[in-house]
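J.: Take the given structure of chain A and dock chain B to it, following the hints.
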Amino acid sequence: MTKYRVVFDDPDALDEPTKVLVPSQNWLDEAIAGNLPPIWVYWQLQDDEAKAKAEGRHSEFKHDPEKHALQWTAPRIGPLTEEEAMEYLVMKDLPRRCWAEEHNRPMFKIVRTEEVPSDRQFRGAWEMAA
Amino acid sequence: MSTIKVDAIKNSSGQSEISVTTLKADTIQNTSGASVIKVNTLQDTSGKGYYPARAWVNINGTNGSIRGNENVSSVTDNGSSRFTVNYTNSISSADCSVTASVSNTSYSYLMGVDLYSFGTANCSLRTHDYNSLQDVTYLSVTVHV
Numbered sequence: 001m002t003k004y005r006v007v008f009d010d011p012d013a014l015d016e017p018t019k020v021l022v023p024s025q026n027w028l029d030e031a032i033a034g035n036l037p038p039i040w041v042y043w044q045l046q047d048d049e050a051k052a053k054a055e056g057r058h059s060e061f062k063h064d065p066e067k068h069a070l071q072w073t074a075p076r077i078g079p080l081t082e083e084e085a086m087e088y089l090v091m092k093d094l095p096r097r098c099w100a101e102e103h104n105r106p107m108f109k110i111v112r113t114e115e116v117p118s119d120r121q122f123r124g125a126w127e128m129a130a
Numbered sequence: 001m002s003t004i005k006v007d008a009i010k011n012s013s014g015q016s017e018i019s020v021t022t023l024k025a026d027t028i029q030n031t032s033g034a035s036v037i038k039v040n041t042l043q044d045t046s047g048k049g050y051y052p053a054r055a056w057v058n059i060n061g062t063n064g065s066i067r068g069n070e071n072v073s074s075v076t077d078n079g080s081s082r083f084t085v086n087y088t089n090s091i092s093s094a095d096c097s098v099t100a101s102v103s104n105t106s107y108s109y110l111m112g113v114d115l116y117s118f119g120t121a122n123c124s125l126r127t128h129d130y131n132s133l134q135d136v137t138y139l140s141v142t143v144h145v
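These protein sequence lines map, in sequence, to chains A and B. Position one of the first sequence corresponds to residue 1 (my numbering), numbered consecutively onward. Position one of the second sequence corresponds to residue 1 (my numbering), numbered consecutively onward.
Chain A extracted, bound-state conformation:
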């Protein structure tokens, strides 16, 4: 079992409890084996879906088949360490506003499982990142 978690705050909902991302062991095994596509493959799909949402046509949204197939057909990026895989996962599964935009404090931190606050009303991933 992976020893890592990602704790993060959503800059659009700072009053909500800190969120905890739990990686899938299946996915980590694939990452460590080198079976992931470049991260831009996922970003491209996220961008297309976000555009459909913004234009009010999400309910009928379908991915472009060629872009969608890149998830399996794009050249693999090669083996990652567990730490590199966690950084990849942040860029794949956390809202982009949490890690790609500048804030006056860190919005996420990769931590060991035992560091995750047991109080699920905990707020302030930035305190853990300090």
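Hints in this document: simulated from the structure, not taken from any laboratory. Some clues are possibly wrong.
As the list claims (entries may be wrong) - From the derived model, a few chain A residues whose C-beta atoms are all more than 12 Å from chain B:
#1 H58
#2 E83
#3 R112
Claimed, not checked - Here are a few chain B residues that face chain A, going by a calculated C-beta distance under 7 Å:
#4 N60
#5 G64
#6 S65
#7 I66
#8 A94
#9 S97
#10 S101
Heads up, the beta-carbon is just placed ideally off N, CA and C, and yes, glycines get one too.
T.: Relative to chain A, chain B alone:
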């Protein structure tokens, strides 16, 4: 020795169609040895379709840990009995079906689950009892397109 190695099987008109009543094999591989079978549709010999799930996961709703899954890269515990299931590979369409069930081994009230957001990369659910959000022992989610 039950090993069949092929790159393609086609009927006489060139379509990739295999129709058999019984196929017995220990291993089916392509010629490079990989155990991968790729098809666009699955049918039995009468033409009746099979519709496999695109993702599934069994979550411990008390801490967000994952008991088992396929095509799930992570689960986010959003706090207040709310979870987001992130798919390893995005599904093809937002017009999908998300099925979820809950079970709580130490709680006697009726329990339920709501799907409050979904798309091709993830879906978000919250678990509840008869009047408020409530953590559960088991949250199971299956996705079809």
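J.: If a hint holds in the structure, say so; if it does not, say that too.
T.: How the hints compare with the structure:
1. H58: Not fine: 6 Å to the nearest Cβ puts A:H58 too close to chain B.
2. E83: Given a closest Cβ separation of 15 Å, the condition holds.
3. R112: holds, 14 Å
4. N60: violated, 9 Å
5. G64: holds, 5 Å
6. S65: holds, 6 Å
7. I66: holds, 5 Å
8. A94: Since chain A brings a Cβ to about 4 Å from B:A94, closer than 7 Å, the hint holds.
9. S97: violated, 13 Å
10. S101: Violated, about 19 Å.
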